[in-house]
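Visitor: Sequence:
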Amino acid sequence: MWIILVFILAAACPDGTWGCQLPHDWRPQTEACRAELAEIIVFAKVLALHKESYSVYNYLPWQHDTDLLFSAEIELLCDQAWGSMLEVPAGSRFNVTGLGYFPCFSYSVTKNNNYYFFLRMDENYNIVPHGVNFQDPIFPDTADNHRMFASLFQFSNCTPGTQVHSFTPEWEAQEDSRLLCSTVQKALFEEEERVRTLSQKVRSLEKANSHLREKVKTMKRLLRQAQREKMKEHQTLTLKQLYESESPQTHPDQDTIHDQKVKTVLSKKLKS
9 MWIILVFILA AACPDGTWGC QLPHDWRPQT EACRAELAEI IVFAKVLALH KESYSVYNYL
69 PWQHDTDLLF SAEIELLCDQ AWGSMLEVPA GSRFNVTGLG YFPCFSYSVT KNNNYYFFLR
129 MDENYNIVPH GVNFQDPIFP DTADNHRMFA SLFQFSNCTP GTQVHSFTPE WEAQEDSRLL
189 CSTVQKALFE EEERVRTLSQ KVRSLEKANS HLREKVKTMK RLLRQAQREK MKEHQTLTLK
249 QLYESESPQT HPDQDTIHDQ KVKTVLSKKL KS
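Numbering (the working numbering), first residue to last: 9 to 280.
Among the clues, some could well be false.
[What the hints assert, rightly or not] Here are the computed lysine-lysine pairs in the DSSO-like style, where the Cα-Cα straight-line distance is at most 27 Å:
id: 1; residue 1: Lys248; residue 2: Lys228
id: 2; residue 1: Lys225; residue 2: Lys215
id: 3; residue 1: Lys248; residue 2: Lys223
id: 4; residue 1: Lys240; residue 2: Lys215
id: 5; residue 1: Lys223; residue 2: Lys209
id: 6; residue 1: Lys119; residue 2: Lys53
id: 7; residue 1: Lys238; residue 2: Lys228
id: 8; residue 1: Lys59; residue 2: Lys119
id: 9; residue 1: Lys248; residue 2: Lys225
id: 10; residue 1: Lys240; residue 2: Lys228
[Claimed, not checked] Derived CB-CB ranges, DEER-like:
id: 11; residue 1: Glu95; residue 2: Lys119; range: 54 to 64 Å
id: 12; residue 1: Gln29; residue 2: Asp149; range: 47 to 57 Å
id: 13; residue 1: Arg35; residue 2: Asn121; range: 43 to 53 Å
id: 14; residue 1: Val203; residue 2: Ala234; range: 42 to 52 Å
id: 15; residue 1: Thr191; residue 2: Leu231; range: 33 to 43 Å
id: 16; residue 1: Asn217; residue 2: Tyr109; range: 45 to 55 Å
id: 17; residue 1: Lys209; residue 2: Trp34; range: 20 to 30 Å
No lab work stands behind these hints, which were simulated from the structure alone. Cβ atoms here follow ideal geometry from the backbone N, Cα and C, with glycine treated the same way.
The whole structure should be built from the sequences, with the hints applied where relevant.
Guide: Listed below in structure tokens is the structure:
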């Protein structure tokens, strides 16, 4: 279950507003992949929530509303599964700061519920959520999450009543044969970059092909127009010839009625 809106906080605009965007080459990673990169992983219960004031980890453009910022007191239900802290045992309690609702993401938990946490320790030894790859570092207590995390780490010395799956030799063999997340991620990025380049070439070729199709359409249209004009000209010539063929024809040596009248008038004048 996702509870984080995966965005990185962009630079502030001149008018004071904020924008949210991810790096152009960002790609989502699986929980297993991010688990390899998390500094600390624990399975813990939230005992209490404490209101927090403005800090370097709790920043809002509207600083007057601090009800959205809090820390959580948690108790480990099993020994620390993974991380930079030295063997923190089950039953240990500490505060996780930097929780709340922010402009571009949220780290939210509920009192008396259990969660898997990706955590990290800052330079001042504060424990804060570790949002690997700008994704959710907090996972609710579900059967699917139990199976997933148990396939990655050994959760030992859990308190009575804690429902976790046991780490098995089969999972350990899978872990030994599994490729490193960074290697797989790099290969995926390279493949996606190759696909992106090919896609750009395909779009360029499709654009050129579209221009060629338009030219072909234009040539066909001009050809059809020329054919229609030629056909119209041929029809006009045919009609003209047909009309001329139907008109009465006289012999070149045959006098017409008009010629006969002219000859009669001339002969009368000569006699007089």
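Visitor: All hints, please: hold or fail.
Guide: Now for the hints, and whether the structure bears them out:
{"no.": "1", "hint": "Lys248 x Lys228", "in the structure": "30 Å, violated"}
{"no.": "2", "hint": "Lys225 x Lys215", "in the structure": "15 Å, holds"}
{"no.": "3", "hint": "Lys248 x Lys223", "in the structure": "37 Å, violated"}
{"no.": "4", "hint": "Lys240 x Lys215", "in the structure": "38 Å, violated"}
{"no.": "5", "hint": "Lys223 x Lys209", "in the structure": "21 Å, holds"}
{"no.": "6", "hint": "Lys119 x Lys53", "in the structure": "8 Å, holds"}
{"no.": "7", "hint": "Lys238 x Lys228", "in the structure": "15 Å, holds"}
{"no.": "8", "hint": "Lys59 x Lys119", "in the structure": "13 Å, holds"}
{"no.": "9", "hint": "Lys248 x Lys225", "in the structure": "35 Å, violated"}
{"no.": "10", "hint": "Lys240 x Lys228", "in the structure": "18 Å, holds"}
{"no.": "11", "hint": "Glu95 x Lys119: 54 to 64 Å", "in the structure": "27 Å, violated"}
{"no.": "12", "hint": "Gln29 x Asp149: 47 to 57 Å", "in the structure": "32 Å, violated"}
{"no.": "13", "hint": "Arg35 x Asn121: 43 to 53 Å", "in the structure": "30 Å, violated"}
{"no.": "14", "hint": "Val203 x Ala234: 42 to 52 Å", "in the structure": "46 Å, holds"}
{"no.": "15", "hint": "Thr191 x Leu231: 33 to 43 Å", "in the structure": "59 Å, violated"}
{"no.": "16", "hint": "Asn217 x Tyr109: 45 to 55 Å", "in the structure": "50 Å, holds"}
{"no.": "17", "hint": "Lys209 x Trp34: 20 to 30 Å", "in the structure": "24 Å, holds"}
Hints 1, 3, 4, 9, 11, 12, 13 and 15 from the list above are not met by this structure, while the remaining hints are.
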